[in-house]
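Those protein sequences? They're chains A, B and C, same order as listed. Residue numbers for the first sequence follow the working numbering, so the first one is 1 and each next one is one higher. Residue numbers for the second sequence follow the working numbering, so the first one is 1 and each next one is one higher. Residue numbers for the third sequence follow the working numbering, so the first one is 1 and each next one is one higher.
Among the hints, a few may not be true.
As the list claims (entries may be wrong) - Taking CB as the label site, the calculated pair distances span:
| hint | chain 1 | residue 1 | chain 2 | residue 2 | range |
| --- | --- | --- | --- | --- | --- |
| 1 | C | Thr66 | A | Ile294 | 45 to 53 Å |
| 2 | A | Leu304 | B | Glu395 | 49 to 57 Å |
| 3 | A | Ile294 | C | Pro56 | 45 to 53 Å |
| 4 | A | Arg298 | C | Met1 | 28 to 36 Å |
| 5 | A | Tyr105 | C | Pro56 | 30 to 38 Å |
| 6 | B | Ala411 | C | Pro4 | 26 to 34 Å |
Claimed, not checked - Computed list of chain C residues with no C-beta within reach of chain A, every gap over 12 Å:
| hint | residue |
| --- | --- |
| 7 | Ile2 |
| 8 | Glu3 |
| 9 | Glu22 |
| 10 | Lys23 |
| 11 | Glu24 |
| 12 | Gly31 |
| 13 | Gln32 |
| 14 | Leu34 |
| 15 | Glu38 |
| 16 | Lys39 |
| 17 | Leu43 |
| 18 | Ile55 |
| 19 | Pro90 |
FYI, nobody ran anything at the bench for these hints, they're computed from the structure. Since the model is a prediction, treat every value here as computed from it, not as a measurement. Note that beta-carbon positions come from the ideal geometry of N, C-alpha and C, so glycine has one too.
Spelled out, the chains give:
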Amino acid sequence: MSGLEVVIGLEIHAELKTLSKMFCSCDASFGGEPNSRTCPVCLGLPGVLPVLNRKAVELATRLALALHCDIAPYSIFHRKNYFYPDMPKNFQISQYDLPLGIGGYLDLEMEEGRVRVGITRVHLEEDTGKTVHASESGRIHDSEYSLEDFNRAGVPLLEIVTEPDIRTPIQARMFMQELKSIMEHLEVSDCKMEEGSLRCDANVSLRPQGSPQLGVKAEVKNMNSFRALYRALDYEIMRQGDLLASGGEVVQETRHWDADSGVTTPLRTKEYAYDYRYFPEPDLVPLQLDLSFIDGVRAGLPELPSQRRSRLQEDLGLPEHDAGLLTSSKALADFFEAAVDAGAEPKAASNWMMGELSAHLNAHNIEISEVPITPAQLAAMIALIDKGVISGKIAKSVFEAMLASGNDAETIVKEKGITQISDEEELVRHIEEAIRENPASVEDYRKGKEKALGFLVGQVMRKTKGRANPQLVNELLRRSLEGEG
Amino acid sequence: MEALYAMKAWELQDMIDRGEVSVSEVLDAVLARLEQVENEVHSYITLTLDAARAAAAEADRARDGGKSPGAAAGIPMAIKDVLCTRGIRTTCGSRILEEYIPVYDATVLERLRHAGLVLVGKANMDEFAMGSSTENSAYGPTRNPWDLERVPGGSSGGSAAAVAAGEAIWALGSDTGGSIRQPASFCGLVGMKPTYGLVSRYGLVAFASSLDQVGPIARDVRDCALLLSLIAGHDRRDSTSLRLEPPDYLSAMQGDIRGLRVGMPRELMQEGLTPGVRKAMEDCLQKFEQLGAEVDEATLPNLDYALSAYYIIAPAEASSNLARFDGVRYGLRVEGAEDMMEMYGRTRAAGFGPEVKRRIMLGTYALSAGYYEAYYGQAQKVRTLIIRDFDAAYEKYDILVSPTTPTPAFALGEKVEDPLAMYLSDVCTIPVNLAGIPAISIPCGLEDGLPVGLQIMGKVLDETTVLRAARVMEEALAFREKPGSGKGVGA
Amino acid sequence: MIEPKDVEYVAWLARLDVSEEEKEKFTRQLGQVLEHAEKIKSLDTEDVDPTSHAIPLKNVMREDETGPCLSQEEALSGAPRTQGGYFVVPRII
Ligand SMILES: [Mg+2]
Ligand SMILES: [Zn+2]
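Put together the whole structure using the sequences plus the hints.
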């Protein structure tokens, strides 16, 4: 792979967070019994006509502005014609040569420095229905027949196309994370990859280092998590690199990422190339967004993740790493700030969130919105540590119990009787016992082996089932060892 | 007194209001006539007689209860089978929708139901409104009540024939390139295509979305205005619907035409006109002058390109609009296919007739890679030129007039195998759809016992002037002929 | 001019099976219509904008409000085949 440069461009589809669908008033939310959220319009019944959802236009403008795009003063919708059973009209209404937003960018703060990824276009279109392939394996090729559910058909979609500015799978993943966080902050999309409200395809090619020309690309589809995106790109780059190194050629094709086997495989090629026969949608009229509309949307833009990141560093003194991780998701950052507002020391709150809380979310594969505790409860727990009521170590088990039950730290501490022992008399009793039982360690300590002290502290902690105040034990232990000597 | 089934809607309404006749009696008269002639004429694809009787009885009960029935109550009506009717089969003249029952009503149907609609049935038509003779119906052709060996015109041929034969008092049609005006002309009736956007297209099964418009077919201009008032107006379900409150056309169209500036585009008086049509036009122009209008020859230089542009634009839009008929969610499916691709190909081959296939192919070709700019793109630019021509003409004239068709009704089978010849019969009506303007056809004479139509075209949204000129001319022309002599259906 | 292979390609795009006889007929008939349409190519339209809508409107939008949907039964009422609330179609390859 030496001497070759990786070139990646992304094409992202995000479902917009509207109440109703793009061109009809059906409920646009995820789920529902199959075909229970449809009407004549989104089922493409004969005679129906589309009427554009104002909110979808507003949300699209919001994102386009946040991505520094120019908003087209005049844009129209086209019909993209192709047959597929999940598409009720056998054409998709989509913006084609006059999209809503053009020419923006998104900056990524990477270890290698700032990477600017150009945004070619941001446009509006409608989603398709969902096909369920009925077969035992669930694979398309094996299925006897397929099932169609049109609940999703007509949900507003934003398509975001990047310039081929991405050079590594990590950058691609970072781009998606940042974009997701931006869309969350803008309240433009739910961005749930597992529910398909955020989807991403990638164009991957290799070229000689420094070459201005693009190599032959493969389009990789079906990457439905950040991890899948990373793995698929990593694989695809290897595949193309090996192919070129052995004197082969990359074929322009669409490839399917299979997470189970960890490879991309070509989708069956079509007999003919795609010929979408785009033409202006005669049932819709042009959009001519005036400056006051655009300025209004601009004025209403909330704080973006990058701004928030700086604020967390500057105002709350968080390290760059912490600020970056916390703002990778709006929910995470909101939780964090609420905990700080409730009195938690910022770095302590950040540590708990990036450590125990994140581990819990990962282990249970849940979102932060699904944990039963509030930011204020986290703050209260941190306060118990600060006051010396519990030790940092005990706090871990307390926090675990909080996440399991949703109870306050104080309640758990009381119930389990696990308050920290700071009573000197009681501690001295345990310390003397430990000294008596471990003469060898006492000897070692006196010979100057500091490590022996740690062992003795550990013994005291064991005797108190971890409830002893470790600083105090340390101090008292040293005092008794030295006092005796 | 004239038979009830042969009377105008406004005459019947007057009689019903005065209590001289009941709605049910009017309906019975129409149904008796239908019984007599439908076998020969074949105006309908689906009859809704029970529902019609129930609606009539309901209207009579309302009247007896002191309530005034709606403006459409008591007027048995035919609706072109391209408009969706909830719970009533809507075939569009196609095999592919043979058993299709819509779950919703077209907006115009909703409006008419509020006005007390008495629906006799769904009228025959060229499949998906593609044709000029109603011979392209999967359910067999409709015959012209004036001469059963001739076509009634199309694509709203069933609607026109039903009204001409006395099987309905008035009807709705749809007009994409002349499909209301041409059959109205062939059947000696008044037919109007309103300004694009005046009448909602919601529930009108689309042929060519940027050209389609629903409009009335009636026995005189007054009925036409009355029916237009019932269906016109803004509909928020149609993005191309104009936001305005239409006037009451009946009162707005009163007055004379003194000083009205009438232009006659010379491009529409060129070759292909039969002597009778030419003669009728000349008589019309004389009448206009006698009535105080100023008549002059006008020119619309780009009109020569209109037919070509239309036969690119309309099939292109149609090819996309008709893609939804695929055997997945509704309509015909040919079973036994191995996979989706085979199912699509076989279903659509079995479900569509030759003309529809021809236009789907033509439209798909015109939009396909490498041809878009040369065909569709260029046709849309031609459309701009044609609109400019009309704009320029309307600086000088209040209305433009022409024959509705170059010839009277042609014989059944005459043009079936020659699509180009069939397309040419719409040469006078097509420019109107491209420009989106309103136009009406009124009967203005006979040639060999067949009606000839005068087309009056107006400015955008100037239905009022079009109707006024039509009403004044109708009175002056005093066209009283009825089908029934000789080759037609007996009176 | 249009050839049988063009007709074949267009028929495939339109998902319309055509017989040999139809292929021959369509080649001829489409050729005729397109020949007639040739004349629009000669017009100089260099500075002319295309017209999609004869009556220009802009910014027609609806508010983001939900309304009633069809019942599942109504949605499926016209379907050739259904199963468990879904539309059933042959396999997709
Ligand atoms: Mg897309
Ligand atoms: Zn819907």
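For Glu24(C), is the shortest beta carbon distance to chain A beyond 12 Å?
holds, 21 Å
Closest CB of chain A to the CB of Lys23(C) still more than 12 Å away:
Fine: 17 Å to the nearest Cβ keeps Lys23(C) off the interface.
Minimum Cβ distance from Glu3(C) to chain A greater than 12 Å, as the annotation requires:
holds, 16 Å
C-beta pair Leu304(A), Glu395(B): status relative to the range 49 to 57 Å that was hinted:
holds, 54 Å
Grab the minimum beta-carbon distance between Leu34(C) and chain A and tell me whether it stays above 12 Å.
With a cut-off of 12 Å, Leu34(C) remains clear of chain A, as the shortest Cβ separation is near 16 Å.
Beyond 12 Å from every chain A Cβ: check whether that's true for Glu38(C).
It holds; Glu38(C) is separated from chain A by about 20 Å at its closest Cβ, greater than 12 Å.
Is 45 to 53 Å right for how far apart the beta carbons of Thr66(C) and Ile294(A) are?
violated, 27 Å
Could you tell me whether the CB distance from Tyr105(A) to Pro56(C) stays inside 30 to 38 Å?
Because 34 Å falls inside the window, the suggested range holds.
Could you tell me whether the CB distance from Arg298(A) to Met1(C) stays inside 28 to 36 Å?
violated, 54 Å
Check on Ile55(C) being off the interface with chain A, judged by Cβ distance over 12 Å:
At about 9 Å from chain A, Ile55(C) fails to clear the 12 Å cut-off, so the statement is violated.
Assertion that Leu43(C) lies farther than 12 Å from chain A (Cβ)
Holds, because the least Cβ-Cβ distance between Leu43(C) and chain A comes to about 20 Å, which exceeds 12 Å.
At 12 Å, judged by beta carbons, does Gln32(C) keep clear of chain A as stated?
With a cut-off of 12 Å, Gln32(C) remains clear of chain A, as the shortest Cβ separation is near 22 Å.
Hints 1, 3, 4, 18 and 19 from the list above are not met by this structure, while the remaining hints are.
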